[in-house]
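Chemist: Spelled out from the first residue to the last, the chains are:
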Amino acid sequence: MSGPTPRDQSTPQQNQAMLDLDPALARQASGVHLSVQQAGLSFGGIRALQDVSFDVQRGEILALIGPNGAGKTSLLNCINGFYRLDHGRIGFEGLDITELPAHQIPIRGIARTFQSPALYSGLTTLENLMAARHIHMRSGMLDCLVYWGLAHREDIRHREAVEEIIDFLEIEAIRKAVVGTLPHGLRKRVELGRALAMEPRLLLLDEPMTGMNVEEKEDMARFILDVHELKGTSIMLIEHDMGLVMDIADRVVVLDFGVKIAEGAPDEIRDDPQVISAYLGEAHE
Amino acid sequence: MPTWVKRMSDTLPKLWLERVRRYRGSDKVAVRQKDFGIWQSFTWDEEYQQVRDFALGLSALGMQRGNRVAVVGDNDREYLWAALGIMAAGGTVVGLFTDVGPKEVAYVVSHSDATFVLAGDQEQVDKLLEVQPQLPLVKRVIYWDNRGMWHYQDQWLIEFGDVQGSWNPAEGDPDRLFEAMIEKGQAHEPAMFCYTSGTTGQPKGVALCHRNFIEVVKATGEVDPRHDTDNYLSFIPLAWIGGAALDIAPHAIDGAILNFAESPETVRENIREIGPDLVLYNSRLWETLVATIRARMLDSSWLNRRLYDLFLPIGYRVADLMLQRKPIPVLLHLAYWLGGRMVFKPLLSQIGLHRARDAYTAGSALSPDVLRFFSALGLPLRQIYGSTELTGGTLMHRRDALNYASVGEPIPGARASISPTGEILLSGPGLFLGYHKDPEETEACLYEDEQGVLWFRTGDAGHIDQQGQLIYLDRVKDMIELASGDRYSPQFIEGRLKFSPFISHALTVGDTSNDYVTAIVTVDFENVGRWAEKHGIPYTTLTDLSQKREVYELIRQDVEEVNRTLPASGRIHKFVLLHKEFDADEGEMTRTRKLRRRFLHDRYGMVIDLLYSDRQQLEIDDVVQYQDGREGRIRTTLHVESMVNEPAHP
Chain A
78 MSGPTPRDQS TPQQNQAMLD LDPALARQAS GVHLSVQQAG LSFGGIRALQ
128 DVSFDVQRGE ILALIGPNGA GKTSLLNCIN GFYRLDHGRI GFEGLDITEL
178 PAHQIPIRGI ARTFQSPALY SGLTTLENLM AARHIHMRSG MLDCLVYWGL
228 AHREDIRHRE AVEEIIDFLE IEAIRKAVVG TLPHGLRKRV ELGRALAMEP
278 RLLLLDEPMT GMNVEEKEDM ARFILDVHEL KGTSIMLIEH DMGLVMDIAD
328 RVVVLDFGVK IAEGAPDEIR DDPQVISAYL GEAHE
Chain B
113 MPTWVKRMSD TLPKLWLERV RRYRGSDKVA VRQKDFGIWQ SFTWDEEYQQ
163 VRDFALGLSA LGMQRGNRVA VVGDNDREYL WAALGIMAAG GTVVGLFTDV
213 GPKEVAYVVS HSDATFVLAG DQEQVDKLLE VQPQLPLVKR VIYWDNRGMW
263 HYQDQWLIEF GDVQGSWNPA EGDPDRLFEA MIEKGQAHEP AMFCYTSGTT
313 GQPKGVALCH RNFIEVVKAT GEVDPRHDTD NYLSFIPLAW IGGAALDIAP
363 HAIDGAILNF AESPETVREN IREIGPDLVL YNSRLWETLV ATIRARMLDS
413 SWLNRRLYDL FLPIGYRVAD LMLQRKPIPV LLHLAYWLGG RMVFKPLLSQ
463 IGLHRARDAY TAGSALSPDV LRFFSALGLP LRQIYGSTEL TGGTLMHRRD
513 ALNYASVGEP IPGARASISP TGEILLSGPG LFLGYHKDPE ETEACLYEDE
563 QGVLWFRTGD AGHIDQQGQL IYLDRVKDMI ELASGDRYSP QFIEGRLKFS
613 PFISHALTVG DTSNDYVTAI VTVDFENVGR WAEKHGIPYT TLTDLSQKRE
663 VYELIRQDVE EVNRTLPASG RIHKFVLLHK EFDADEGEMT RTRKLRRRFL
713 HDRYGMVIDL LYSDRQQLEI DDVVQYQDGR EGRIRTTLHV ESMVNEPAHP
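The listed protein sequences derive, respectively, from chains A and B. Those letters in the first sequence? Residues 78 to 362, by my numbering. Those letters in the second sequence? Residues 113 to 762, by my numbering.
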């Protein structure tokens, strides 16, 4: 894929400097957890995002909704560094992360799941979750070769953390199952588990409930709420099931053709005429 | 009086305390539970402390002797400890199934006048919060899994551990206080209420006392000895009498080690890890297991499949000889031993039954195929029959008297008999105290004979054969009456006939206008066809095949087999092999392959007339409808086979 090329080649040090200049980014130290400002992104002639701005407050569940092709996933891809914005800024916990490479993002505390689960399908659930712990691992190659001592202790510690997630998501029964053999609904749960294994402070969920039956959706909604309640994780999720969005989200941001057309509490969004014509209206016809 | 009735003052907590004292200071395991992927063990000392703290805490919160405490939650160590704690404090455990709705929870909790409720997790707690206004008697709701409830503020709720911390250490030595509580218990006090879902109306609370449990467990132990090294996997709902009588009671009485699964979904995996010494599955699960094993064998390596094909027939031969109680030739024995080592044990270990000493089945009748299969693998399944009102199992098969048709014989101290109307009556030390707050229902289901023995009316129909084995037929209300006043069970006869691989369906006929039972049988074209080929019998169509003399002889053997399990009045006198199979497209069966009786009675009125006449055969000129809607014509002659004119069966 020929992604958009970064216009601004500034380094993290420069970003840090910019932070002092930008009062909007500085606000993040208080209530704002993630801030997207005038985000713009084009693929050739298609303008995927046009001057999109919004904040995710610390400890809230923000739903991003909109019709297909509205730019929701593109925006997530910009946040976690898969795409580079053409212009605009993304700040997280008072730090400009616009230019950070994708592998740096989880280390900063942002984890995500994908629309179609992107797991190591040849590995077991346990191994997938353990792999996600790598950002917290300290032992080097030599330690691992010897294993005894540091690496061994670290292995046990991480296994404990992973087992807690397995218990939390109630996936004990598939602990040793190869992920490729699991049904879709469970794979999505494993993927959430992998994101949790990174111990994020912000969780990006890209359609966590697609292709699930009603019961699986309810389970997933409960897990999302539990994560939010127990760990205080901020959550930004893309979801099409409006009923669920209205149930679990604190606030909703609506995108249409790359433009933010509304932002507010679920009830306000439901009654917004622009949203109804762009999105809800379609679904209810 | 039987030797095992030791002291009439025994209670479950007293016997449990004896176990605790016996194992004090040792690292003998009482309970295991898999948590975070690891089996965590708890010794008897640890269990003692948990139960003691819970019992003292519950009393401190206001539980009185004689109070009821309801429990709704999955099988867990906390469930066990709570149950023991409640009984130790002189209370009664009221079990509730986890899948009941808030309305039924409210009904049972208020009907039993429970003063406390244990609700395992958020799901159960939410049900109680929903019906809180209807439960003024309930002082506190206790939960042990706090997930999802981190922000619940309701003062009505309290965590398991907080209950254990509620007693006041200044009141004296906790061990002494706790053991004094246990000492006050009496054998006749109710230990548990098991609510049974009646077919009509509200569930009824079956009150069972300590003596019920103790004597039934001891009597069962006389048939199949138990050891304190036995491992059980506790997954049968503890609210059900099976769970209470097979898990909690043997743990307290015999010191059996209870293992709790990690989650309800991991039971199958956890069974493999534990390898329990004793299992009770319902018949449905056994059938599923056969299918699982057969499917796994198909996926297995070439060598494994060859070994399986080689040894399974040997297993079957040994199983058949054992069933007929005939000696097994030395060479066959040797081959069977080898097969056990190479194939059968590894196979059983796949489903966690390699260590199972006793394997029981309960519920509906199991097909002989399934029983024979497990016997061949060296795991003879034995039926348990009983009812909640008799503290669970009242009859069971003895190890040396396997029988595919019966549900076994009474355990020591218990008796079974048949009422004049054909109903099974049970009596024994497990006989319950009565339905809670329902003397009329209690009265209605009990019967006192001339010797003053109290019997429980099961509502089941059955009869007892010459060997003293009870044969279960059907629910009494589903029995059909003949002109003679005798009753028979269509479901039982048809079900048993269908166990034959050669019979696809059977319809029994006979009601108050007839003197005897007859049957219309349809043959399984594929299996009978293969059999005919093997025996050099030429045939063209199903119509042709079904009317062959030899096929009648073949089916006759199956009918004789079934007749042998029936009382004389309910046996099949005559049968006809139908020229076709029953067909859902013609409306003869539902899509789920249940017979449409009335339709069949109308459609085959001529055949039924034939069965109750002196004629031997009937010309048929029938129109059949094919799937594509076309119609075809069948002309043939149906024959009647009489079971009574021939030199009859024993």
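Don't read these hints as lab results, they were simulated from the structure. Among the hints, erroneous ones may be present.
[Claimed, not checked] Once the Cα atoms are required to be at most 27 Å apart in a straight line, the calculated DSSO-like pairs of lysine-lysine come out as:
hint: 1; chain 1: A; residue 1: K294; chain 2: B; residue 2: K215
hint: 2; chain 1: A; residue 1: K253; chain 2: B; residue 2: K660
hint: 3; chain 1: B; residue 1: K251; chain 2: B; residue 2: K457
hint: 4; chain 1: B; residue 1: K146; chain 2: A; residue 2: K253
hint: 5; chain 1: B; residue 1: K610; chain 2: A; residue 2: K308
hint: 6; chain 1: B; residue 1: K296; chain 2: B; residue 2: K549
[Stated by the list, open to error] Derived DEER-like restraints, expressed as beta-carbon distance ranges:
hint: 7; chain 1: A; residue 1: L200; chain 2: B; residue 2: R709; range: 52 to 62 Å
hint: 8; chain 1: B; residue 1: R467; chain 2: A; residue 2: M323; range: 15 to 25 Å
hint: 9; chain 1: A; residue 1: A195; chain 2: B; residue 2: V736; range: 42 to 52 Å
hint: 10; chain 1: A; residue 1: M323; chain 2: B; residue 2: Q265; range: 20 to 30 Å
hint: 11; chain 1: B; residue 1: D287; chain 2: A; residue 2: M323; range: 47 to 57 Å
hint: 12; chain 1: B; residue 1: R380; chain 2: A; residue 2: G341; range: 26 to 36 Å
hint: 13; chain 1: B; residue 1: R380; chain 2: A; residue 2: R230; range: 27 to 37 Å
Backbone N, C-alpha and C fix where the C-beta goes; we use that ideal spot for every residue, glycine too.
Chemist: Each hint should be assessed against the structure and marked as holding or not.
Modeler: Now the hints, each set against the structure:
Taking the CA atoms of K294(A) and K215(B), the gap is near 25 Å; set against the 27 Å cutoff, the hint holds. Proposed proximity of K253(A) and K660(B) is contradicted: the alpha carbons are some 56 Å apart, above 27 Å. Restraint check for K251(B) and K457(B): not satisfied, since their Cα atoms lie roughly 52 Å apart, outside the 27 Å limit. Between K146(B) and K253(A) the alpha-carbon distance is near 15 Å, which keeps this suggested pair within the 27 Å criterion.
For the hint linking K610(B) to K308(A), the alpha-carbon distance of about 58 Å lies beyond 27 Å, and the restraint is violated. A threshold of 27 Å between alpha carbons decides the hint, and for K296(B) with K549(B) the separation of about 24 Å falls inside it, so the pair holds. At roughly 56 Å, the beta-carbon separation of L200(A) and R709(B) lies within the given 52 to 62 Å, and the hint holds. Taking 15 to 25 Å as the suggested C-beta distance range, the pair R467(B) and M323(A) does not conform, at roughly 53 Å.
At about 57 Å, the beta-carbon gap between A195(A) and V736(B) misses the expected band of 42 to 52 Å. At about 25 Å, the CB distance of M323(A) to Q265(B) agrees with the hint of 20 to 30 Å. Here the CB-CB span from D287(B) to M323(A) is close to 56 Å, well matched to the stated 47 to 57 Å. Range check, R380(B) to G341(A): Cβ separation about 48 Å, and the 26 to 36 Å hint is violated.
Take R380(B) and R230(A): their Cβ atoms lie about 33 Å apart, and the range 27 to 37 Å holds.
Checked against the numbered hints given earlier, this structure breaks hints 2, 3, 5, 8, 9 and 12; the rest are met.
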